[in-house]
Amino acid sequence: MSGLESLLDSRQVWRAQTGVDSDRGEAVASGHAELDALLPGGGWPSAAISELLSAGAGNGELALLWPVLSRMTREGRPIVLVSPPGAPYPAAWRRAGVVLEQCHWLDVQGREALWATEQCLRAGCCGAVVAWLPQVNNRLMRRLQVAAASGNTLAFVHRPLAKVTEASPAPLRLRLHRHAELEILKCRGGFAPSRRIAFGGGT
Amino acid sequence: MRWVCLLFPRLALEGALRRRPDPEAPFALIDGPVARQCIRAANRAARQRGVRPGQALGFAEALINAPLFKAPDAAPLSKAPNSAPDRWSRSGSSQRLETALFDVDSVERWRRRLATWAYGFSAQVSLHYPHALVFEIASSLELLGPWPRLEARLRAELGELGFSHRLVIAPNPAAARVLVNVHDGLAVDDTGLESALATLRLDRAGLASIDSDRDILQTLNRSGFQRLGELFALPRSALARRFGGDLMRHLSELRGEWPLALDYHRPTPRFSRTFEFDQPVHAIAGLAFPLKRLLQELSVFLIGQDAGVERFRLQFGLEGGSVQHVGIGLLAVQRDPDMLLELTRAHLERVRLEGPVLSLTLFAPRLSDYAPTRRELLEGPARQAQAWAALHQRLVARLGESALRPLVEHREHRPEMAVLNGAGPRARDASAGPSRPGWLVPAPQRCDGDVVQLLAGPERIESGWWDGGDIRRDYYLAQWVDGRHAWVWCEPGRQGWYLHGWFG
Chain E
23 MSGLESLLDS
33 RQVWRAQTGV
43 DSDRGEAVAS
53 GHAELDALLP
63 GGGWPSAAIS
73 ELLSAGAGNG
83 ELALLWPVLS
93 RMTREGRPIV
103 LVSPPGAPYP
113 AAWRRAGVVL
123 EQCHWLDVQG
133 REALWATEQC
143 LRAGCCGAVV
153 AWLPQVNNRL
163 MRRLQVAAAS
173 GNTLAFVHRP
183 LAKVTEASPA
193 PLRLRLHRHA
203 ELEILKCRGG
213 FAPSRRIAFG
223 GGT
Chain F
44 MRWVCLLFPR
54 LALEGALRRR
64 PDPEAPFALI
74 DGPVARQCIR
84 AANRAARQRG
94 VRPGQALGFA
104 EALINAPLFK
114 APDAAPLSKA
124 PNSAPDRWSR
134 SGSSQRLETA
144 LFDVDSVERW
154 RRRLATWAYG
164 FSAQVSLHYP
174 HALVFEIASS
184 LELLGPWPRL
194 EARLRAELGE
204 LGFSHRLVIA
214 PNPAAARVLV
224 NVHDGLAVDD
234 TGLESALATL
244 RLDRAGLASI
254 DSDRDILQTL
264 NRSGFQRLGE
274 LFALPRSALA
284 RRFGGDLMRH
294 LSELRGEWPL
304 ALDYHRPTPR
314 FSRTFEFDQP
324 VHAIAGLAFP
334 LKRLLQELSV
344 FLIGQDAGVE
354 RFRLQFGLEG
364 GSVQHVGIGL
374 LAVQRDPDML
384 LELTRAHLER
394 VRLEGPVLSL
404 TLFAPRLSDY
414 APTRRELLEG
424 PARQAQAWAA
434 LHQRLVARLG
444 ESALRPLVEH
454 REHRPEMAVL
464 NGAGPRARDA
474 SAGPSRPGWL
484 VPAPQRCDGD
494 VVQLLAGPER
504 IESGWWDGGD
514 IRRDYYLAQW
524 VDGRHAWVWC
534 EPGRQGWYLH
544 GWFG
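In order, the protein sequence lines correspond to chains E and F.
For the first sequence, the numbering used here gives the first residue as 23, with consecutive numbering after it.
For the second sequence, the numbering used here gives the first residue as 44, with consecutive numbering after it.
Note that these hints are calculated values from the structure, not bench results.
Here a beta-carbon is modelled for each residue, glycine too, at the ideal position from N, C-alpha and C.
One or more hints might be untrue.
To be verified - Beyond 12 Å from chain E on every Cβ pair, some chain F residues (computed):
#1 A239
#2 T242
#3 G267
#4 A375
#5 D513
#6 R537
As the list claims (entries may be wrong) - Derived list of chain F stretches under chain E, where covered just means 3 residues or more per stretch with a C-beta under 8 Å from a C-beta of chain E:
#7 447-456
#8 479-492
#9 522-531
#10 538-547
Please model the complete structure; the sequences and the hints are all you need to start from.
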């Protein structure tokens with residue numbers, strides 16, 4: 023026992039703790055009970071980027087995000103989709119409870135998409151910003167993370183599966199598997215169970 | 044009635060300096076026939092090197108290029124004075140005297156621009172006196188605060204614009220004009236007026252302009268008069284008899300006993316101003332400084348008019364005589380110079396110059412009513428709405444109007460028409476129709492081998508026979524090879540699957 027103590031004292035071994043920095047940021051309920059129970063603070067980290075890795079559209083990413091997006095629009099806060107993988111189908115978004123007047127999408131690519139994402143995050147007036155940025159690297163992610171923190175904006179960045187192995191500054195990283203199943207790869211301030219979680223998808 | 048008189052002793056020079064990227068570099072206005080040009084006015088950097096009005100141009104250039112005395116910040120002389128001048132990108136340590144021709148018209152132009160600026164403080168602005176502006180301020184003092192605060196504001200705004208000035212406030216315009224000859228910052232009211240005028244020397248009292256035929260000033264001097272007070276002490280009838288009615292009238296004007304009918308300046312409701320370059324500008328980046336200057340002047344003009352702009356035009360005068368137009372449209376009426384600059388820059392990022400630019404003109408043909416919104420007063424939703432409006436404007440300025448799209452639901456069965464082309468009337472009833480995918484692929488793609496299982500369907504969509512865009516398709520929810528959910532269709536009785544959307 024004393025051997026363990028001395029190791030801890032010499033800072034060679036770190037003890038994992040829950041809630042080390044639970045006071046750092048607040049969270050926004052995701053609307054999926056099982057997921058909220060696992061995420062520190064009980065939901066999506068607000069004022070930060072949540073990274074979603076997937077093989078492409080159709081993995082249930084909208085079923086995952088619609089609850090929080092629709093709540094934001096009902097509260098009268100605009101949401102912005104930056105370079106989404108297709109044109110949003112208004113009928114489906116409306117059926118999901120999204121107030122369409124508050125929903126905007128930016129059909130831009132490349133550098134402009136990055137610029138627009140950062141502007142939206144910094145402005146601090148968007149309820150949520152959802153961006154599809156296959157080109158973004160670690161350095162740019164850090165920049166976006168700073169923008170989200172300074173604008174106090176809820177942000178989601180979709181990236182391809184190839185980026186799973188790359189380090190990322192996002193406090194929360196999720197991998198979407200087949201439709202409506204996800205795996206928590208990283209979550210700061212909490213434990214990530216290494217199992218797949220089914221969220222109430224279904225179409 | 045309280046009248047402010049602003050005197051601009053260096054209007055021509057400072058107007059020209061506003062068009063220089065580095066106002067601290069030695070600069071002079073020159074005048075006279077080409078063979079014998081001489082210095083008309085010089086800025087501080089040039090005066091420090093000994094350049095004075097009246098000197099021959101060659102002499103002044105020699106003072107700057109090869110100073111006889113060692114100036115504290117003299118750069119090495121190896122910089123040959125007649126090496127190709129790159130005036131535009133020159134830094135502050137320039138060793139060359141920059142010059143421009145003195146232009147009488149430009150003095151008047153700048154005076155009219157300043158009158159437009161003063162129009163923001165008073166509806167009665169007059170250009171009656173050369174080199175000066177007079178305007179009535181009593182009616183505005185209630186709104187703009189006590190005089191010391193207004194004075195500080197006038198001075199701060201003129202300092203920002205780069206115009207040195209002297210100012211006096213007096214009960215009538217004539218008195219304000221003569222008092223500004225010797226005072227700066229003097230404020231006299233009715234009781235102090237007589238004594239303030241009495242100490243004025245006759246040669247500073249504006250007497251020369253009374254009668255051009257007779258040198259009344261000389262006559263008075265020969266009679267032993269030195270100051271205005273001595274004239275005030277004389278009986279009026281004797282004064283009128285000896286020196287004529289015009290002098291009497293002038294003295295009455297100064298004391299406010301004789302009303303002065305002034306023509307008031309009415310600003311034009313258009314803004315058009317040009318910036319000419321010494322050297323052709325090849326890149327948009329080189330236009331940053333002139334753009335900033337012109338937009339600042341536009342902003343001053345707009346504040347004077349109590350208006351804003353919604354759209355304006357930039358005209359690039361190109362080498363070869365052609366003109367390139369760039370229209371700048373804003374989503375909201377603006378007049379804040381920083382905001383205008385940011386939005387204009389964002390617009391210009393998408394513009395390619397068609398050639399080297401020799402001049403830049405900012406033209407705002409129409410002004411709009413401006414309702415200022417005080418940011419600090421707004422709370423909650425109003426503040427957020429304002430922030431969103433600003434963000435919206437910024438995005439559209441850089442990305443173009445078509446990039447930021449709303450979601451509009453149309454009453455139309457054909458997916459392409461409903462989502463992409465926006466056909467049909469807007470759906471109003473929020474009835475729950477059949478299931479639709481969150482994403483629509485812009486154009487259906489053939490996908491025969493990728494579907495492993497059909498999960499739901501079919502749903503027959505058959506529409507559009509009346510406009511030639513008729514379709515007849517059976518839509519299915521299908522599972523993709525990697526487990527994703529897709530929206531696919533096939534035409535009844537035909538082979539081939541098409542991917543048309545994703546259930547995200």
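* Please name the hints from earlier in the document that this structure breaks, with their numbers sorted from lowest to highest. => Violated hints: none; all satisfied.
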